[in-house]
Amino acid sequence: MRALLTAACLALLATPGLAVLPDEVLDDPALEARARDLSQGLRCLVCRNESIDESNAELARDLRLLVRERLVAGDTDAQVIDYLVDRYGEYVLLNPPATGSTLLLWGAPLALLLLGGGVAVAHVSGQKRAPQAAGLSEEEEARLKAMLDDRSDG
Amino acid sequence: MIIELGHFALILAFAVAIAQTVVPLVGAHFRWSGWMAMASPAATIQVLLVGFSFAALTYAFVTSDFSLKLVVLNSHTDKPMLYKVSGVWGNHEGSLLLWVLILALFGAAAAWFGGQLPTTLRARVLGVQASVGVAFYAFILFTSNPFERLAVPPFNGEDLNPLLQDPGLAFHPPFLYLGYVGLSMAFSFAVAALLEGRVDAAWGRWVRPWTLAAWLFLTIGIALGSWWAYYELGWGGFWFWDPVENASFMPWLIAAALLHSAIVVEKREALKAWTILLAILAFGFSLVGTFIVRSGVLTSVHAFANDPERGVYILAILGIFTGGALLLYALRAPAMQAKGVFGVVSRESALVANNLLLAVSCFVVFIGTIWPLVAEVAFDRKLSVGPPFFNAAFTPFVIALAALVPLGSILPWKRGNGALWRKLMPVAVLSLALAGLVWAMQTGDSLGGPLGAALGVWLVVGAGVDLATRTGRGALADRIGRLRRLPGADWGKALAHGGLGITIFGVAGLTAWQQEGIEVLDIGDRMELGRYEVVLEDVSRVQGPNYISTMARMHVFEGGRDIGVLLPEKRVYPVAQMPTTEAGIDSGFTRDVYAVIGDPQQGGGYAVRVYIKPFANWIWGGAIIMALGGIVSLMDRRYRVAGGARRKKAAPVTGVPAE
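Protein sequence lines, in the order shown, are assigned to chains V and R.
If you count the first sequence from 1, you need to add 75 to reach our numbering.
If you count the second sequence from 1, you need to add 948 to reach our numbering.
Be careful, since some hints might not be right.
[Said to hold, decoys possible] Heads up, incomplete: computed chain R residues facing chain V, CB under 7 Å, no partners named:
hint : residue
1    : 1297
2    : 1308
3    : 1315
4    : 1328
5    : 1332
6    : 1336
7    : 1385
8    : 1387
9    : 1418
10   : 1422
No lab work stands behind these hints, which were simulated from the structure alone.
Just so it is clear, the structure is predicted and the values come from calculations on it, not from any experiment.
Where is the CB? At the ideal position from N, CA and C, for every residue including glycine.
So that you can see chain R by itself, here it is in the shape it has in the complex (with noise of 0.2 Å):
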């Protein structure tokens, strides 16, 4: 019964979202207050429409209702109650139920928190952001409908895929679909500027908080990803360039250049056109990952729909959405003037410089990934593009980005001069004496370890120096106060190039400095490694929940100190047939040891693979001091202040009339 209610409440929440769509639209384009006064309350009802529905299918998972062909496939009574839970995002059709609910709540919560936008602007967001939702609930409803009962329910599941009973990858999906979903905020406030055929400061600053968030999910996500993928694929590898990551690093690119240049928009009203334009292929991209990963094109053994009638409609919606939205913008932008002018060397120029430079590297991304199927298409030739190209290609992106960040946010608005350098000029110094003195100490030449820690420097220490502009001139403890006291945009701003800086010395520091060892061990065997010694003390098998483990006990010894026991494991999940490996992790702030357990050798002993990983953990942490800046930001006061300002003035405007 229950699950019946959820189904009928996604099928009225589909009819809500149609009703959402027309009727304000229709109302701001000829200025009917009464209909674009429907938008709002439609939005709450539809958020708690989805949401009943999205909770009737976690009702069965949870309680294993194999009724539901759903549960059948992706769940087991044995399985633990968090990826029950998980299990529900962890497949394609109740993953697309997560992306309509979370649709809905961004819809709903720019309702609720949208009261101070004029009320055309307003009207116009809710109902782009409905028509969105309605070709997705039209999607789960014609093609992949969660709710579909089996006739002969069978005694027990299929299990959910092993590799996704995970906790790093239970939380991966909701927070990837905050941040794509996030975007369609953008997209929304985008196509409505469109119609007003006006983009203000004002609008600049509505936009910026909308698109933080979805970056700030995105960040997370992605994050979440690539740890998961660094633990749990055995070899510890945490970027891999596959089209499916890909898919989520477009948007977070577009997104990162959109929240820039949406600043650029806020404080000096230039860039409008672009940012616009920006705000519109962020969201855009978000649908390219969503094909991507459902179609089936580009990666063929994906265990998520493969489906071609999927992927035709998703490149309906794709193409509908971004294609009408590039049209209206073809038609309108050329009316956004600029009001604000700047010097070549300035704030606005640098980013316009960091917006060229994230455009183009995920341009970069872009064509690396569909190259392949472009290749075989106009050019009948097969060919594979993979990790080489992507490193080839986007690292120098990468430390051009990297080395302008600190200039770019010194620099003042308008017009800038030569206090820059006197500011910056120690860091530099300081930056290029560490990557002389990391090049002196290391053992092989690689460029990439002293270049890693030259821009970390510079990023970090210039993010500090940035802060310590901020607070003027005077005594130290006057200063130290107004630190205190500046705005949570300085703040966060400060912590995510920061952040951005210890990823990029993780990355380097990780790629250059690794060290690997691969033996066969016996019972009692040890392996040297640098200043690691390992020893293999004992394999044993466990039963876990709902798997086999062949688990090895092993003692890590560094200079001879013993600092600790690893537990490497092999796992075979007997439902689904399928084995996985959990790797062993000291995890230290300078390195990780990371051991793995292979099957038994002919001639006795086990294959036994152990590396040492330099600043493996620099690479996430940055990532989630990065996300720490966006939230920093995000509390920043003068978004309410101004909200309030905006409010008096624009509560006039609610009374015009219809004629």
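The shape of chain V in the complex, shown without the other chains (with noise of 0.2 Å):
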């Protein structure tokens, strides 16, 4: 189904190609590898879903250029960041950053956790008394023996 997905994106195109191209690819491993991770937690914000590093969309490519000329340009990870949340806005990352509303979506999940944790805590370590609770007295005991008796003779 995540095709379909990529077929909208596809058809928007009239060249479609790979995802990061070997004319992009920095010549410095390890700046090259950090475009790369930052790539993967930028969305393609023409297609759905995807990350730049992913898309073949033709402004996927321009934002992996973007990313590779900042960190060339001596950026760290963040001011890149930074710098294409300032242009594209929050919808640009893939991870929302944990401030605001948006700690309700990393907090509920934990709260749930918490809650129901506490919730099946109890109730294992509650029903420890109930076989006592249960069971019957010898007076219970000797009423119901004399039933059966009663019973079985008629």
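Both chains are sitting in their own frames, so use the hints and assemble them into the complex.
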């Protein structure tokens, strides 16, 4: 099904190519590795859920070149990201920074885990007393026995 | 004529489903045996009618009947026969028809094989199942009719989306639907049990095979989709955390939780209310998935319907069924009393932890998937949630779960003891030693590789130890004999857990140790990548049945030894005006060599990408083993033996008069 998205993305293009093209690759392997890392966390804005590292779109290529340009110019990873967020908004980040309302995104699963864990622990340890409670008292045992005897007689 | 008959059969099936909903449910409430008895024949008639309707649509596709709008939009006379048939479900309307066909099939299967169910429970299950059908028949007939005709039929069709013209994707949807819709059985059983007001061990025993079947179909469906993405999309990714993938992954996680908690209901009569809730949620997430795929809310450039009206309709179905079931749950669940009690260290507790981890990990996927929508509507922030989030938030749950599996599967019911640690200590030592070895051997400093190796060994060897402990004590020959006679469920469990370990190792290995080369190659040039060398020998144009291909011929050498030829292609489908890439892959046990041919470059030569993908096949191999575990477990004869025993006891109940 992912294909359909890619297809839609491809359809926007006249000449689909490979994602990262040979002429984009930087000579310095360390810088290139950083560029690839960064690209994987940046969204191709005209595609759906594709990083610029995977995308064949022209815009993705432009962004890849931009990232490399900034890195060659001596920017740190954080500076490159700030630069892109300034221009394209936080929509460009595939991993939304955990600030403001996005804290909920990270916090909600954690809260559910703690809550669920709490309920589970309470349930498991709370039922310990159940067997005694569920058991019959001596008096009850005797009555039960009497009833059963009664029954088998009749 | 056949088309009209098919259309009419679908309308009749709708009518039958309405009757099958109302009559048995009313009958079960008042204990009218005649009314309840109506459910089974109705379920059979329903499946025959939808089956005929589906056959009629398939006939239209196979004979390229272009008076049918759907065939025009999704088929072409030049298309190979396989894709003419798979074109039936390669679109919104046809896939919905497949959906209701499978729904009716499951209902009928419950009618045919559910002879031992208590009469009222069976009537209720079939009634609830039919009510889901009613909603979907109405959806098809009123908003997405596949039998719509064109007044002026065109000369030829517009072809199926070329990306769907692939053997892997031809069978991907039917398996997924078998899974999605299979969970409707668990839902129907849950709602029926709430109506009955009672859940016992027998209920757990009836629900488990249906859930297991649905889960194993989902496993196969998801694996097929992932495998297809790997070889088709051109860079060898196998999972993208795309909303549409997540839509199938969420029900899988919940189904996995459900089939584990149903074991606790069956064996120990505990966790009843929770199991019912999971059954409702599992089908609820199937409906959420349907909504995500078909409404276009989350993936606006999706080829399936992005019609808001349809989205609203599915949302209504989702609201009514999940909301209604949850309301019923709130009213009735407190009455579900647990019988079995268990200690803090026990298999029950381990299964509770398993359920917690699976449920919360499903929630992670869910919240990540819908968060862009929530952020935009509630906080006016336009943001993306992609693979980096899911990888960071989901992986810890996988690790915790994998660490738990061998412990939980060896722990005894009720109360555990120190014996557990004696059995698993060697496995733990082995896993850690291997992780250390891998750490020392690998060139990078990735943590994922060693961790994946450790978890893989822990799960696979742990599953072996689990099987071995089940053979008891004594001479080796006796124990091997006993191993062969172990129930299918034990073997199934070991296979599924081992398969999970293999998949985890495959994912970790591929992610950690993949190598990539991107270069411009002229004819005759070679590219070096690790121990491998790839020579571009030739690029030629090839005419396919309904496409034109640019096919490259690449020779691959491993350490100087010739290991074969790869033929990566770049295809263009003229009718659909769309290109696709077909990777050339040399599959091996420990690695795939994966080559893709790109565009001709301005200065001459072609852009070529070559990957070494270590342990790629282990990912899907593990999934197949998991599914195989499901099948072996389903064949456990105890399901049938128990069924027979039940029938004798249940027989007198059927004769209870209505008053």
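Now for the hints, and whether the structure bears them out:
Against a cut-off of 7 Å between C-beta atoms, the interface hint on residue 1297(R) holds, since the closest Cβ of chain V lies about 6 Å away. The criterion of a C-beta within 7 Å of any C-beta in chain V is met by residue 1308(R), whose closest approach is roughly 5 Å, and the hint holds. With its C-beta approaching chain V no nearer than about 6 Å, residue 1315(R) sits inside the 7 Å limit, and its interface hint holds. With a least beta-carbon distance of about 9 Å to chain V, the hint placing residue 1328(R) at the interface is violated under the 7 Å criterion.
Checking residue 1332(R) against chain V by beta carbon gives a least distance of about 5 Å; that is within 7 Å, so the hint holds. For residue 1336(R), the interface hint holds, since its Cβ comes within 7 Å of a Cβ in chain V; the closest pair sits about 4 Å apart. The beta carbon of residue 1385(R) is not positioned within 7 Å of any beta carbon in chain V (closest approach about 26 Å), and the interface hint is therefore violated. A least Cβ separation of about 20 Å between residue 1387(R) and chain V goes past the 7 Å threshold, and the interface hint is therefore violated.
With a cut of 7 Å, the hint placing residue 1418(R) at the interface with chain V is violated, because the nearest CB-to-CB distance is about 25 Å. Taken as an interface hint, residue 1422(R) does not check out: its beta carbon lies about 34 Å from the nearest beta carbon of chain V, beyond 7 Å.
The structure shown violates the earlier hints numbered 4, 7, 8, 9, 10.
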